[in-house]
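K.L.:
Make the full structure from the sequences, and use the hints.
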Amino acid sequence: MLQEIVLICIKHMKEERTVSGIYHLLTGKRSSQTMQDAKAYQLSSFFGVHKSLERHELTEVLQSLEEKEMIVTDELYARLTKKGALYLKQRDIQNQLSGFRGLDYHQVTPVLTKRLLLLIQTVTNLNGKKNSFVPIIDDAGVQAWVRGVYSSKRHQLESFVATLYEELNTVLEACSKREAYLFVCRLTGNGQVGSTYDQLADECHIKKWDVHLHLERVMHQMIHIVKADPSSFSALSLCLEGLGSSSLITESAKRTYYYVERGWTIEEIVQKRRLKESTIQDHIVEAALVLPDFRIESFVSLEGQSLIVTMARSLQTKRLKEIYLGLKEEFSYFQIRLTLAHHQHHSREESLHGSVN
Amino acid sequence: MDRLIEELKNNFGYDHFRDGQRTIIEDVMNGRDTLGILPTGTGKSLCYQLPAHLLKGVTVVVSPLISLMVDQVKQLKAQGIKAVTAINSFMDRNERIRVTKNLDRYKLIYVSPEMLQNDDIVDGLKRTGVDLFVIDEAHCISQWGHEFRTDYLKLHLVIEELGDPTVLALSATATPEVQDDILEKLNKPDMNKRIHPMDKTNISFAVKHVTTPESKLIEITQLLERTHVPTMIYFSSRQWAERVATELQTKLNKRIAFYHGGMEQTDRMLVQQQFMNDQLDIICCTSAFGMGVDKKNIRLIIHFHFPPQLESFIQEIGRAGRDGAASASLLLYAPKDHYLPQMLIESELPDVNRLPGILNYVERKRGQNGVLPLDEVIIGDLELSESQWNFIHFQMEQAGMVDNRHIMKPTEDPDFLQKLTMLVQERWTYKQNKLNEMVHWIHETGCRRVSLYQSFQDNTRLPEVPCCDACEFDIDEIEWQEVNRTEIAGGTWEERLASIFGRGVAR
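Chains as they are written, first to last, in my numbering: chain A, 1 to 357; chain B, 1 to 507.
A couple of the hints might just be wrong.
Unchecked claim - No farther apart than 16 Å at their CA atoms in a straight line, the calculated lysine to aspartate or glutamate pairs in the EDC-like style are these:
1) A:Lys177 to B:Glu495
2) B:Lys185 to B:Glu160
3) A:Lys208 to B:Glu264
4) B:Lys254 to A:Asp202
Unchecked claim - Rough simulated footprint, nothing fancy, chain A against chain B, three-plus residues with beta-carbon under 8 Å:
5) 70 to 83
6) 261 to 271
Claimed, not checked - Beyond 10 Å from chain A on every Cβ pair, some chain B residues (computed):
7) Thr23
8) Gly124
9) Leu157
10) Met191
11) Asn192
12) Glu383
Hints were generated in silico from the structure; no laboratory data involved.
Remember, predicted model here, so these are calculated numbers, not experimental data.
We put the CB at the ideal spot given by N, CA and C, even for glycine.
P.N.:
Shown next as structure tokens:
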């Protein structure tokens, strides 16, 4: 599965981003550049889908793709071959990769997963009168949350356990058999301890990274199903409480944005916040990325914006350097990044398949 | 029934004390500073957990192992003892602030040594009133200990600051020289010593010399084909632990997993609990495994690689047979095995030839702004390992050259350089000697039991099991069968989910 996702990334990024860009995307690096890439290259669904992926694992996947002649790589860049492109066109491959909602949910899944694992361990053990067990999740916040839920449900534990069971059944029905199986094998409770990623990879004869991806997709689907009809999923909605898709903007960027909105110049914000100019610029780009209504005229005139956008279109690229040189160095890199970020909101709907050669 | 037994029964559910526990508990209850050396698995922690419960004020436990701390807090809470917490650097900041503000709510507070450098925490403890100050893994205070920790050397200052509460220093392994060092570094020469024998009378010892790592694998396979008992195999590298686990899986019809510090937190927890829950037969692990794991029926400890000193070896084999039943230790040795621990020693201590350059670097920082960069930066700039830099930094602090990050006086002092060089060499020789002791034990032709324990205690007790391969033990003859299996529901996801939720399958 990772192999196919990497292929898609290579296809969409069209050699404009190095393989590091793919790595940052999949691990969900929270930088304005990576988030901008996710949107610009229509790869939002894969943003942060495998946060613990290691560099060498990606390298391994790239090597194997190269051996299969689906891509050619040099040290930094990778390009799809005809064989790779044909492979991706197969219908079942497209289906295999649907269902991810990375950019929306990547921040929610780690906590939700921990909550579910610990909640299930706790309620099934206590309901089965096993009062002494070592929590499978260390996280103090998650433990406090489970304690809270338990104390509010202790008098109707039996029915809460039944509800949770039914809801999980319903969600897992909507997943593939394999993914449902992987999910339940992770669970600990009622005297059984769940399996590790390595054990699941062994058992199902798939790569460990694919176990991560499958489980991540189960979570994305779960969140999606529950959010679409919260009244039918009271127990799982409870698990999502307080985890709403938090705004993508970082706390620090928020503060910068606060000053920008009040008319401060970049220099003034640099002074005030004692941060580097480049950091403040990153914050502004980040704000432009996630806030469609953020006006950027004070940094780039409307005319400048239209020049930059036109140049990017005519060069068919998002690579800053080419645009920068194409415009005879008239605009700074910051102005170009900011403009592209802002105009993402307005040109995003160039459809996923349409825009790709 | 006397009061201590009554409290033991009510709070911990035991009917009687184990060897050595009672005297130590009585000592600390009477306010006597005590050094307690108790072997692993004999209930060291009860020696302060019970007093903590009985004393009016707070009991502070300094522990270097965060995972151990967390495990103990969990265990205590599971037993219904709630007024307990652990303060460490992994704690969420808000959580830490909340706990620090409410220290008086707790009877027992575990704290990592570096947290005691935090004034807020020390002030909080002072206000609350500490009755008992416990130093767990006290051998870490000694430079001669196998896990020397510089933060431990400042503990005597904290004890003073807290108004000299009763001190209990605990360790599972401490040679007489380490014991003396503990008393000296704590500035408590009159400390009362309670040393209990660490020899395990229910463990048989064997060492096998082989020619290659592959032959180790063959030995292990043959042994585990005929013996079916809970087994741990120790490795000094993560890669080897994984590799052998995978190979054994193809060769043996057993439930095997690996465990090392590089795994994700939840996966580590799962493997530990699977082993505890008899869902696994064999664990291939590094020394990261086992802290706080109290599985009673481990029968066999195999060392695929040997640890760099006897102390660690004693600690690791001590995990076998905690229920008192017959158990065995097998160490496999191949000719080049000492290279790895040798390299480890080298990575822990700085190269003496580089010392002038390092001092020059610090001197230049003094000229620039008088402040040391962050440790990560220094380590990168000077291409040192973390422990190499810690060593140098500590020595500079001792010499009054630096105070935390501030550089107080010139560092390019020839006397200091000479002293530092000497210290490095001394330390290197010490570690080398430790390693040699271990290797020497491996090549021992006399009784292994006697030679293993002789530097730790005066007499070695007679074993209840065959002694060792120099005496009458032959590991090739054991054919133990003792399988405890917790079966896991197989089949479809629907069946498995139903079984976890304790109900029949809906469809």
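K.L.:
Confirm or reject each hint.
P.N.:
Evaluation of the provided hints:
| no. | hint | in the structure |
| --- | --- | --- |
| 1 | A:Lys177 to B:Glu495 | holds (12 Å) |
| 2 | B:Lys185 to B:Glu160 | holds (13 Å) |
| 3 | A:Lys208 to B:Glu264 | holds (12 Å) |
| 4 | B:Lys254 to A:Asp202 | holds (14 Å) |
| 5 | 70 to 83 | holds (count 6) |
| 6 | 261 to 271 | holds (count 8) |
| 7 | Thr23 | holds (30 Å) |
| 8 | Gly124 | holds (18 Å) |
| 9 | Leu157 | holds (29 Å) |
| 10 | Met191 | holds (35 Å) |
| 11 | Asn192 | holds (35 Å) |
| 12 | Glu383 | holds (21 Å) |
Every hint, counting from the list given before, is met by this structure.
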